[in-house]
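Given only the sequences and the hints, what does the whole structure look like? Please build it.
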Amino acid sequence: MRGVAIVGVGHAKFGRRTDATLGELAWEAVKEALDDARLDQKDIQYFVVGNAGGWSAEPLPAVVIGEYCGLTPKGAMRVEAACASGSAALYNAYLAVASGMADIAMAIGVEKMYESPTPTVVEFIGRAGNYFWEFENFGLTFPGYYALYMTAYMNRFGATEEDFCKVAVKNHYYGSMNPKAQFYGLRITVDQCLKSRYVAWPIKLYDSSPITDGAAAVILASEELARKITDTPVWIRSIGVATGTANLSKRPDFIGLDAAYQAAEQAFRRVGIEHRDTWKYFDVADVHDCFTIAEVMAYEDLGFTERGTGIQLIREGQTYKGGLIPVNLDGGLKAKGHPIGATGVSMAVEMTKQLRQSVEPRDRQADVYVGWALSHNVGGTGHYAYITLYSLDKDGSPKVKPKR
Amino acid sequence: MGMSLEAKYEEFWRQAIKQLNDVVKATGLPIAPDEKGQYSLWYDVRELRLRFSISVERIKRFFEGLREGKIYATRCRRCGRYYFPPQADCPYCRVSDMDWVEISGEGELLTYTVINTKPLTFSHYPDYVVAIARMREGFNVLAWLRVDDPRKARVGMKVKLQVVKREPEGYLTYEFVPIE
Numbered sequence: 002m003r004g005v006a007i008v009g010v011g012h013a014k015f016g017r018r019t020d021a022t023l024g025e026l027a028w029e030a031v032k033e034a035l036d037d038a039r040l041d042q043k044d045i046q047y048f049v050v051g052n053a054g055g056w057s058a059e060p061l062p063a064v065v066i067g068e069y070c071g072l073t074p075k076g077a078m079r080v081e082a083a084c085a086s087g088s089a090a091l092y093n094a095y096l097a098v099a100s101g102m103a104d105i106a107m108a109i110g111v112e113k114m115y116e117s118p119t120p121t122v123v124e125f126i127g128r129a130g131n132y133f134w135e136f137e138n139f140g141l142t143f144p145g146y147y148a149l150y151m152t153a154y155m156n157r158f159g160a161t162e163e164d165f166c167k168v169a170v171k172n173h174y175y176g177s178m179n180p181k182a183q184f185y186g187l188r189i190t191v192d193q194c195l196k197s198r199y200v201a202w203p204i205k206l207y208d209s210s211p212i213t214d215g216a217a218a219v220i221l222a223s224e225e226l227a228r229k230i231t232d233t234p235v236w237i238r239s240i241g242v243a244t245g246t247a248n249l250s251k252r253p254d255f256i257g258l259d260a261a262y263q264a265a266e267q268a269f270r271r272v273g274i275e276h277r278d279t280w281k282y283f284d285v286a287d288v289h290d291c292f293t294i295a296e297v298m299a300y301e302d303l304g305f306t307e308r309g310t311g312i313q314l315i316r317e318g319q320t321y322k323g324g325l326i327p328v329n330l331d332g333g334l335k336a337k338g339h340p341i342g343a344t345g346v347s348m349a350v351e352m353t354k355q356l357r358q359s360v361e362p363r364d365r366q367a368d369v370y371v372g373w374a375l376s377h378n379v380g381g382t383g384h385y386a387y388i389t390l391y392s393l394d395k396d397g398s399p400k401v402k403p404k405r
Numbered sequence: 592m593g594m595s596l597e598a599k600y601e602e603f604w605r606q607a608i609k610q611l612n613d614v615v616k617a618t619g620l621p622i623a624p625d626e627k628g629q630y631s632l633w634y635d636v637r638e639l640r641l642r643f644s645i646s647v648e649r650i651k652r653f654f655e656g657l658r659e660g661k662i663y664a665t666r667c668r669r670c671g672r673y674y675f676p677p678q679a680d681c682p683y684c685r686v687s688d689m690d691w692v693e694i695s696g697e698g699e700l701l702t703y704t705v706i707n708t709k710p711l712t713f714s715h716y717p718d719y720v721v722a723i724a725r726m727r728e729g730f731n732v733l734a735w736l737r738v739d740d741p742r743k744a745r746v747g748m749k750v751k752l753q754v755v756k757r758e759p760e761g762y763l764t765y766e767f768v769p770i771e
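Top to bottom, those sequences are chains P and F.
Under my numbering, think of the first position of the first sequence as 2, with each following residue one higher.
Under my numbering, think of the first position of the second sequence as 592, with each following residue one higher.
Honestly, the hints are just simulated from the structure, not real lab data.
A quick note: this is a predicted structure, and the numbers were derived from the prediction, not measured.
Don't take each hint at face value.
Taking beta-carbon pairs under 10 Å as the criterion, some of the chain F residues facing chain P (in silico) [unchecked claim]:
id, residue
1, Tyr-630
2, Leu-733
3, Ala-734
4, Glu-758
Once the Cα atoms are required to be at most 25 Å apart in a straight line, the calculated SDA-like pairs of lysine to any residue come out as [unchecked claim]:
id, chain 1, residue 1, chain 2, residue 2
5, F, Lys-661, P, Phe-136
6, F, Lys-751, P, Leu-206
7, P, Lys-251, F, Lys-661
8, F, Lys-627, P, Thr-121
9, P, Lys-251, F, Lys-627
Under 7 Å between C-beta atoms, here's a sample of chain F residues computed to sit facing chain P [claimed, not checked]:
id, residue
10, Ile-645
11, Pro-710
12, Phe-713
13, Val-746
Beta carbons are placed, not taken as given, at the ideal position from N, Cα and C, and that holds for glycine.
Written as structure tokens, this is what we have:
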């Protein structure tokens with residue numbers, strides 16, 4: 002396997018994008034990525050599209066996007082890993098370049114959720130698990146699945162709804178500064194969050210990520226080409242991949258996502274670090290906060306802190322810029338929006354910009370000491386997990402951040 | 592009790608299609624502003640209805656059990672592993688040699704939620720409690736918990752799994768009832 006670097010990134014504005022088709026929306030991200038890398042479509046040898054679909058009209062999104070963006074006749078596929086479809090696209094493009102099957106490949110994530118009425122979208126996402134045994138008879142919803150975790154977590158570790166609202170407040174704070182975010186310019190308070198209506202007790206509307214249209218794209222190049230294309234390649238150093246059971250009833254407990262834990266274990270092992278106190282190796286992280294409980298479990302599954310103490314990081318504000326480890330400085334799924342298939346690619350775009358230190362405004366640019374970043378992308382309710390580690394160094398293990 | 596689900600659903604689509612026809616008649620195109628009145632949308636003139644037919648051939652015994660008021664799991668004759676939901680095959684032993692065993696139904700609640708914003712196809716039920724309980728046999732079951740007030744649910748409560756008729760559809764399924 003050879004080294005693979007991100008050499009170009011693009012990101013469409015997230016939100017209710019009824020002004021654009023699937024192809025037009027993807028093009029906004031693809032064009033920006035091509036411009037960023039100063040490459041042409043003819044340089045892209047292979048592309049992968051992350052798209053969950055169902056609620057949108059095109060059943061073959063990869064070829065629709067290929068044609069619209071001028072990537073035809075290059076080889077492609079559409080991949081699905083629920084809300085981690087974007088990371089699945091990144092993983093597939095990474096494998097193509099690492100293996101030598103392609104020298105330059107593109108991962109595109111795109112989702113058009115507003116092509117269907119909200120009830121249809123709610124119905125589709127509720128079916129994401131085991132349709133026959135858990136939806137058909139019991140009518141779970143996506144917030145409902147995560148609510149099962151939140152109830153168990155609160156009961157076991159004494160966390161409160163107010164604690165969880167602090168995740169939403171933090172992510173809206175950063176999202177309010179991100180012009181590409183769905184809730185750009187919109188901050189919230191703990192009180193507003195606590196007063197929002199329950200969608201699946203104990204999860205409230207403000208604990209939840211919104212329905213979003215969006216697209217993001219990254220261009221990957223082999224180690225031979227990366228440095229010729231850019232002065233600031235961001236190396237994909239490790240990707241851990243795992244799955245969880247389709248039926249939630251098949252899981253032993255509801256205080257963490259085993260798939261995320263397993264994927265993290267693999268990712269860390271490959272770069273030679275232990276799965277504990279991992280906050281000290283990374284300058285910044287994006288984690289999958291589809292609901293506030295998910296961000297707290299992510300801290301623990303990733304080993305930033307021990308099981309049951311993730312809520313303490315939130316209470317102490319340790320995941321703001323300047324804390325132990327800044328998390329979701331782009332607003333996270335919660336405030337940036339969660340266009341299912343685009344989210345994983347969007348995380349890769351953000352981690353690249355963070356490591357390049359090119360984030361504007363500077364209030365949401367993390368301080369970069371060691372040049373390592375992490376993204377944590379979960380599909381469904383811990384059904385799929387992808388943990389990706391990025392570095393400014395092509396070789397070597399992560400160093401410990403200096404004490405502040 | 593308002594309109595039945597089917598009627599509500601049909602009414603929703605009937606209204607949408609009527610509006611669409613009016614727009615086409617007036618303008619010659621199915622184009623109208625989005626919900627926010629901001630951008631132009633083409634409102635699909637082709638409808639796709641989805642209702643799946645799913646095989647239960649190899650786990651028929653489970654559904655026969657419901658008719659007898661019993662809830663069955665399968666258990667691998669080789670390794671003794673329980674399967675709930677019932678499976679026809681044990682992938683670990685690579686055999687399909689399964690026993691059908693009636694489950695005790697006794698369990699303890701691990702977690703629960705109240706579904707306040709319901710899927711459209713569940714919108715005719717009052718808010719329901721979905722719970723997961725650990726059964727005496729060691730496996731978990733997910734089902735509704737029957738309580739008059741969701742605030743009475745709590746983690747650790749003892750429950751019993753029962754066969755019930757889901758109304759208004761009138762089909763057999765199972766749910767938890769508190770036993771204390």
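These are the hints, each one checked on the structure:
1. Tyr-630: 4 Å, holds
2. Leu-733: Check passed: Cβ of F/Leu-733 comes within 4 Å of chain P, closer than 10 Å.
3. Ala-734: Interface hint status for F/Ala-734: holds (6 Å vs cutoff 10 Å).
4. Glu-758: 13 Å, violated
5. F/Lys-661 - P/Phe-136: 21 Å, holds
6. F/Lys-751 - P/Leu-206: 32 Å, violated
7. P/Lys-251 - F/Lys-661: Distance ~21 Å between P/Lys-251 and F/Lys-661 Cα, so the pair holds.
8. F/Lys-627 - P/Thr-121: Given that 25 Å is the threshold and the Cα spacing comes to 18 Å, the pair holds.
9. P/Lys-251 - F/Lys-627: This hinted pair is violated, its Cα atoms lying about 42 Å apart.
10. Ile-645: Result: holds, 6 Å to nearest chain P Cβ.
11. Pro-710: Since the shortest Cβ distance to chain P is 5 Å, the answer is holds.
12. Phe-713: With a minimum Cβ separation of about 4 Å from chain P (threshold 7 Å), the hint on F/Phe-713 holds.
13. Val-746: At 4 Å from the nearest chain P Cβ, F/Val-746 passes the 7 Å test, so the hint holds.
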